[in-house]
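There are 2 protein chains.
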Amino acid sequence: MAKEKKLVEAITSMEEDFAQWYTDVVKKAELIDYSSVRGCMILRPNGYAIWENIQKELDARFKATGVENVYMPMFIPESLLQKEKDHVEGFAPEVAWVTYGGGQELPERLCVRPTSETLFCDFYANIIQSYRDLPKLYNQWCSVVRWEKTTRPFLRTTEFLWQEGHTAHATAEEAEERTEQMLHLYADFCEEVLAIPMIRGKKTEKEKFAGAAATYTIEALMHDGKALQAGTSHNFGDGFARAFNIQYSDKDNKLKYVHQTSWGMTTRLIGAIIMVHGDNSGLVLPPLVAPTQVMIIPIAQHKEGVLEKAEELRGRLKDFRVKVDDSDKSPGWKFSEQEMRGIPVRIEIGPKDIEANQAILVRRDTGEKITVSLNELESKVKEILKNIQKEMLEKARKHLNSHIYVATNYEEFRDIVANKSGFIKAMWCGEEDCENKIKEDTTATSRCMPFEQEQLAETCVCCGKPAKKMVYWGKAY
Amino acid sequence: MAKEKKLVEAITSMEEDFAQWYTDVVKKAELIDYSSVRGCMILRPNGYAIWENIQKELDARFKATGVENVYMPMFIPESLLQKEKDHVEGFAPEVAWVTYGGGQELPERLCVRPTSETLFCDFYANIIQSYRDLPKLYNQWCSVVRWEKTTRPFLRTTEFLWQEGHTAHATAEEAEERTEQMLHLYADFCEEVLAIPMIRGKKTEKEKFAGAAATYTIEALMHDGKALQAGTSHNFGDGFARAFNIQYSDKDNKLKYVHQTSWGMTTRLIGAIIMVHGDNSGLVLPPLVAPTQVMIIPIAQHKEGVLEKAEELRGRLKDFRVKVDDSDKSPGWKFSEQEMRGIPVRIEIGPKDIEANQAILVRRDTGEKITVSLNELESKVKEILKNIQKEMLEKARKHLNSHIYVATNYEEFRDIVANKSGFIKAMWCGEEDCENKIKEDTTATSRCMPFEQEQLAETCVCCGKPAKKMVYWGKAY
Chain A
0 MAKEKKLVEA ITSMEEDFAQ WYTDVVKKAE LIDYSSVRGC MILRPNGYAI WENIQKELDA
60 RFKATGVENV YMPMFIPESL LQKEKDHVEG FAPEVAWVTY GGGQELPERL CVRPTSETLF
120 CDFYANIIQS YRDLPKLYNQ WCSVVRWEKT TRPFLRTTEF LWQEGHTAHA TAEEAEERTE
180 QMLHLYADFC EEVLAIPMIR GKKTEKEKFA GAAATYTIEA LMHDGKALQA GTSHNFGDGF
240 ARAFNIQYSD KDNKLKYVHQ TSWGMTTRLI GAIIMVHGDN SGLVLPPLVA PTQVMIIPIA
300 QHKEGVLEKA EELRGRLKDF RVKVDDSDKS PGWKFSEQEM RGIPVRIEIG PKDIEANQAI
360 LVRRDTGEKI TVSLNELESK VKEILKNIQK EMLEKARKHL NSHIYVATNY EEFRDIVANK
420 SGFIKAMWCG EEDCENKIKE DTTATSRCMP FEQEQLAETC VCCGKPAKKM VYWGKAY
Chain B
0 MAKEKKLVEA ITSMEEDFAQ WYTDVVKKAE LIDYSSVRGC MILRPNGYAI WENIQKELDA
60 RFKATGVENV YMPMFIPESL LQKEKDHVEG FAPEVAWVTY GGGQELPERL CVRPTSETLF
120 CDFYANIIQS YRDLPKLYNQ WCSVVRWEKT TRPFLRTTEF LWQEGHTAHA TAEEAEERTE
180 QMLHLYADFC EEVLAIPMIR GKKTEKEKFA GAAATYTIEA LMHDGKALQA GTSHNFGDGF
240 ARAFNIQYSD KDNKLKYVHQ TSWGMTTRLI GAIIMVHGDN SGLVLPPLVA PTQVMIIPIA
300 QHKEGVLEKA EELRGRLKDF RVKVDDSDKS PGWKFSEQEM RGIPVRIEIG PKDIEANQAI
360 LVRRDTGEKI TVSLNELESK VKEILKNIQK EMLEKARKHL NSHIYVATNY EEFRDIVANK
420 SGFIKAMWCG EEDCENKIKE DTTATSRCMP FEQEQLAETC VCCGKPAKKM VYWGKAY
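Which chain is which? The protein sequence lines are A and B, in order.
The letter at position 110 of the first sequence is residue 109 when you use numbering that gives the first Met the number 0, and the numbering goes up by one with no holes.
The letter at position 368 of the second sequence is residue 367 when you use numbering that gives the first Met the number 0, and the numbering goes up by one with no holes.
Treat the hints with care, since some could be wrong.
Identical copies look the same in the list; a pair holds intra-copy or inter-copy alike.
[Unchecked claim] List of simulated lysine to aspartate or glutamate pairs, DMTMM-like, C-alpha gap at most 25 Å:
1) K385 with E367
2) K27 with D249
3) K389 with E204
4) K474 with D16
5) K328 with E67
6) K317 with E56
7) K322 with E179
None of these hints come from the bench; they were simulated from the model.
One chain only, chain A, in its complex shape (with noise of 0.2 Å):
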């Protein structure tokens, strides 16, 4: 019982400590471990297995729209990586260079990729010649490194694993339709898959990627209130096509430079599943995500006929990712194993149940017990998991829904940014001087302006010249 009870009482409860609970349910849940290398983490099973179901599925909805995979090198000489200037400059002071190989030091240094539109653009300024190429439609899985101060697993860490999309377009509108499309397909998955409503939207100029023409953005809000960005799909216009010379010609004969996107998202998105949906007993797993979604647990499992029948409920359920937990730990242990690591539904079957013709089905997300007759054990487990992965979506969304404020005058700002935790929308003028100015004073920055626009006020929040959009702002990780 003293082991037991030490599971449950090492993790600070959320109220206490939200950034302390957060690396407590990580390292408990065993999704990751710390490893030497500064700023990289190790993804243990447990959490891989997530990456592999957001993998598995979001993959399948890129090539349902055309998409193909590749693969490029992780390496980017430091020449190429200098041709677009805005990007080089966002991007060189992060990088890590490998300046020795094979025993030599090398004659240019090679920078580890954090993130490939330079490579992508050198291979298209190869293969695309003509209209009867394009589009190109390409994304690769893959990691990549981005040199970071201050770490924290899943949100920041100097290696991560992400998809990036790169494809190339005869037009403009083409680029900006697929630059959306994706952003839209981004913010379904999150909804439909990962149970996390979406704010969806446009950057500011001062927020969009460094060579970007526009940045579009999803943004999630967690259980403390602090905004994450979940995903950005970015429309580059020709602007790497100018500097990476990629020309196509067209009907008309006419060599034209072709349009670009991006767009991408990271296992970040897994510590959006553990910030919005976790509780004081740890992980909590939208269905459609969990690599496990059942763990049967036999009770008094050394009586005969206990764990036979735990491994014909098992059989039963084959259409389920499903386990029995057979080891020689007691049953309370094993209920606190299935919760911290978020399994959604827990069966207990012990010589009682067995004699009744039943079993207890207990819902991570809500704690409910539910007896259920073995005859319709197939069918039950399939509601039961569709109804958390609905009801996991509508108490988030809820969540959302309350905890966005409005704010017409710089007052009112400062008062919710001091006293209350969540996005605040809130009408600005388009000058970056306010957005420093905001984040300066509060600490808060813009989000997003959203596809939705709301006229809240006729002036800006901050200098209270005239308005020209409506803009989330919030605290982000």
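Put chain B on the given structure of chain A with help from the hints.
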């Protein structure tokens, strides 16, 4: 027509220049492109999709044996790499070193992983305490970097994709069992899925992995009679465990060292597929790994109903990976492209076929044309794909078996190397001196000591001393 000729003419015939044929196929089938990064290649959609199919099938086979996936950092601190003496000696000369990060010189340089034994050992030392924590059966899919002087697409590149499995066990017996289990899993996969027959055996001391107690290998024979090492599985004994202090307390409460294995296969397998199955029209893909299994090519597609019929057939063949080539190229050009890309089955459908309620199916591997009634299209396609898969393995096995020679003395050995191409079976005394002499005299190396040993002679083929093992020798990629 000029352009069509070009596509076909552009391939050197394999009899004329096998190396050039290989390079031509790799480029013309659009598997790879060269990049601006020395020794690194770009995997294009046609190439990467083969790797995806390999991954999917291998990953499922790994998981069926209890293996779980993880992800380790791509960097290894120099001090960590140096912990196991033989290992660092083997890899240090060919690694790439990161010396700058975030604008500053690093206090300790980091190598880009050439393989991750050291990281896994460091991790295992952290997470393994008790016999209850064993075995650990972890694998990762990633890319690794080895600074190669001369490179060839898929066969030897500075960066390549692979999987690396790393396991830790309580006993030496379990580790040996897992080492051999994974080798056979690899060989079965290659035979069943890639249609490439394998010689299974053990490497000599000279050829074993840096730091391993024993290395097992699967060796394939390419069309030109050269050998290709397709996968290896290593038993580390407790060597790494001692270097990294990976101990567990056993049931008897004593501290013991774990026993470890590692095993890997790489994108090199794609090179093997090309060189075993390809012909002078290009790539020939086994159906089970072909990204597209069936290409429907409409004939006279401008005529009424032809494209509609092609689409209808595609819909009916949804159990297969099927495409319609409705581009504005000529049918002849499309045939050449489908052949170059190695798509196993082509379906030709034109107005006359539609009238006769039939289609022409053409096998890529044999060129055989089969007229099929549209009423039995699905079952015929299924049957033909199955036959192709089976007969490609049989053909490759016939080629392998007819290129294995026996030498009982050194004169025979040298004569075979000089005048034939393939494997040479010959007895060996077990001394590295003889391996070195044979390599110097003939450029042939010991490929493996096969599990199925034969007593071909009493004496070593090189020095005449008593023989200990039968060895497969050959020139290798």
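So, going through the hints one by one against the coordinates:
1. K385 with E367: Within one copy only: 15 Å inside a chain, 50 Å across chains, cut-off 25 Å.
2. K27 with D249: For K27 and D249, only the inter-copy Cα distance (24 Å) is at most 25 Å; the intra-copy one is 58 Å.
3. K389 with E204: Classified as neither; 36 Å inside a copy, 59 Å across copies.
4. K474 with D16: within (17 Å within a copy, 64 Å between copies)
5. K328 with E67: Between. Shortest inter-copy distance 22 Å satisfies the 25 Å Cα cut-off; intra-copy 47 Å does not.
6. K317 with E56: both (20 Å within a copy, 20 Å between copies)
7. K322 with E179: Cα proximity of K322 and E179: none, with 40 Å in one copy and 28 Å across.
Consistency with the previously given hints fails for numbers 3 and 7, ordered from lowest to highest.
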